[in-house]
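Novice: Chains as they are written, first to last, in this note's numbering: chain A, 15 to 334; chain B, 14 to 371.
Any given hint could be a false lead.
[As the list claims (entries may be wrong)] Label-pair restraints from in silico Cβ distances: (1) B:Y186 x A:I170: 52 to 60 angstroms; (2) A:V190 x B:L226: 50 to 58 angstroms; (3) B:P328 x A:H100: 18 to 26 angstroms; (4) B:P122 x A:M299: 44 to 52 angstroms; (5) A:D153 x B:L214: 26 to 34 angstroms; (6) B:P328 x A:M299: 51 to 59 angstroms; (7) B:N234 x A:F51: 45 to 53 angstroms; (8) A:W173 x B:G180: 34 to 42 angstroms.
The set of hints was computed from the structure by calculation and includes no laboratory data. Model, not experiment: these values are computed from the prediction. Cβ coordinates follow ideal geometry from the N, Cα and C atoms, glycine included.
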Amino acid sequence: MKLEPKYMPLAATVSLFAAMVVFGSVSYTGFFSAQAFLNLLIDNAFLVIVAVGMTFVILTGGIDLSVGSVVALSTMVLAALVEKQHWSLWVAIPLVLLMGTLFGGFMGWLIQRFRLQPFIVTLAGMFLARGLCYLISIDSISITDETYTGMAQMRIPVWGDAFLSLSAVLALLVLVAAIFIARSTEFGRTVYAIGGSEHSATLMGLPVARTTVLVYTLSGFCSALGGVVFTFYMLSGYGLHAVGLELDAIAAVVIGGTLLSGGVGYVAGTLFGVLTLGIIQSLIMFDGSLSSWWTRIVIGALLFVFCVLQRVFETRRKQG
Amino acid sequence: MSSTKKLPLWKRAQAHSLFWPLATLALILAVNASLNPGFWVLQWRDGHLYGSLIDILNRAAPLMLVSLGMTLVIATRGIDISVGAVVAISASVAALMIGGTLVINNGVPTHVSRFPMPLAIGCALLAALACGLWNGLLVAKIGLQPIIATLILMVAGRGIAQLVTGGQIVTVYYAPYFFIGNGFLWGLPFALFIAAAVYVLVHLAVTRTALGLFIQAIGINPAAARLAGVRERLISVCVYAFCGLTAGIAGLIISSNVKSADGNNAGNLMELDAILAVTLGGTLLTGGRFSLAGSLIGALIIQTLTSTIYSIGVPPEINLVVKAAVVFVVMLLQSADFRQAVRGWVVRPQAANKGGQA
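Build out the structure end to end from the sequences listed, making use of the hints.
Specialist: Structure representation (structure tokens):
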């Protein structure tokens, strides 16, 4: 069987994930169960959603450093509206989603209209969103709303005793929608084209400007939705929530086989990137003797290996 | 622009690269002085100077150092987002190796460190240098994008720092070490002399040798620089290594200042402050043109801004919003497209509308 080179990075990620599952199942009792896998998804639902948005940004060759703070800002606004102002959830959640979308759209507009570097614009966005969190409150606001806690604890049976949470289902829905958008819409094709070569995409008459703005808008929406899901998980709003999430999201996208130079990658790969990060945490937890900071070192090492692999693929692609 | 000599003094000053950074600094200092009557007061107490200004200079020293390293990296069209993690690593190594206790031998209190202080400082700087070299090799040899190459160390670096300290905050009890961050020399903070020394060395290196020219050439066009015989890869590696080293020195100052090292929080978000300082100083993020003195002023602007926010009793959290606003303004001013758009809005509103839709 000959694998097409473009599937190589994705295949590498899936094999790595499978190898880790096998390693975990052999080494630790209780590691291999349906619920353990579903828990990976449940615990990382917000990361899946955020990383999906990030995938589109990276596919165009950009980057979004503001996602972690937008998640934090969303939890903060939601908590403040629901707990302090006693707004209805069904008003607060759409409002938060709209806010994140506009925030992303604004950054995308700056990047596109004034030819600014995505890195520095989203960095400023990161400062701004975190700062706004603290303007609302410097303390954590816990959410005690009954509907809310109900939604957070909802268990959706899958088969047997295994279950999914509402956030995991949302993450899967986002994933499916994103795969559809990336594969079968004009927007998706333009995203890949911009990542391949923005200049060529413009010459082909594709809506480059609109798509660039939309990509950051989408990432902003995903971050806000990630924030909503994060509140299901933490049941609080706090300015220090999700610190460093942007790095995890970028790591997940890279490990998922998306080229950082843009143009090549799959949304499905990002899911495996997130699951790989999740399983590293599980393995370290099951081991028990390793401290939690090993997680960061292992993620860094994986990031290194995958970046180097990407370079090798890239040079080969150019030569071949 | 070529006939600057004919222009009036005011115009010539405005054209100088340090004009805007200095104007910003002056403005913030003026705001500070108007809010705080004792701002300019300097007192001579216990053999050294005291006052808000001295305090700002002292606190700005680590950021100044990191900004100097970052300036050269950005000048080569790179970026180093791992400096915060390197600060943490260097601080952890130094704090762990020094540790220290106060032992009383025959009624004479003596400070005892775990390892001799020069050795500990040497190891900490060596670790930082190694981090910088690692970044440089990833960028120059493997050819990763600078932001991604340094992202790896940014993620793993804090883990490494925690590994060094065993996840604890390591406290230092060795008084001679405190001199680095808290000591005074000739009435001024010692940390300031370190920053000044590094600045003078780098300044001489880039002005008295061709190094500055090479760095600019790489920033403008790496491929062309290579073809012109500039040893682009070697210089890139050196620039990242130097950036790691300055972060290491900053780590020493910070850990000495707070008398401890926290692998998780030391140097947190420092990379962003440093990038901001460099940008404020007039160095373009697109590389090719840089100003070391500008970066020092940029670092001072950030520290003064922070001090202002603290001193006027506004919650320090607003700091982030203010910084964000500053970044937005600075990057828009640096954008040629933005300046053109504004000129269009101001001068010919109708033409600008047409241009905006095109």
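Novice: Hint by hint, note whether the structure agrees.
Specialist: Right, here's what the structure says about each hint:
1. B:Y186 x A:I170: 52 to 60 angstroms: Check passed, 55 angstroms falls within 52 to 60 angstroms.
2. A:V190 x B:L226: 50 to 58 angstroms: holds, 55 angstroms
3. B:P328 x A:H100: 18 to 26 angstroms: With a Cβ separation near 25 angstroms, P328 (chain B) and H100 (chain A) satisfy 18 to 26 angstroms, so the hint holds.
4. B:P122 x A:M299: 44 to 52 angstroms: holds, 46 angstroms
5. A:D153 x B:L214: 26 to 34 angstroms: violated, 46 angstroms
6. B:P328 x A:M299: 51 to 59 angstroms: At roughly 37 angstroms between Cβ atoms, M299 (chain A) and P328 (chain B) fall outside 51 to 59 angstroms, so the hint is violated.
7. B:N234 x A:F51: 45 to 53 angstroms: With a Cβ separation near 50 angstroms, N234 (chain B) and F51 (chain A) satisfy 45 to 53 angstroms, so the hint holds.
8. A:W173 x B:G180: 34 to 42 angstroms: This hint holds: roughly 40 angstroms between Cβ atoms.
Checked against the numbered hints given earlier, the structure breaks hints 5 and 6 and satisfies all the rest.
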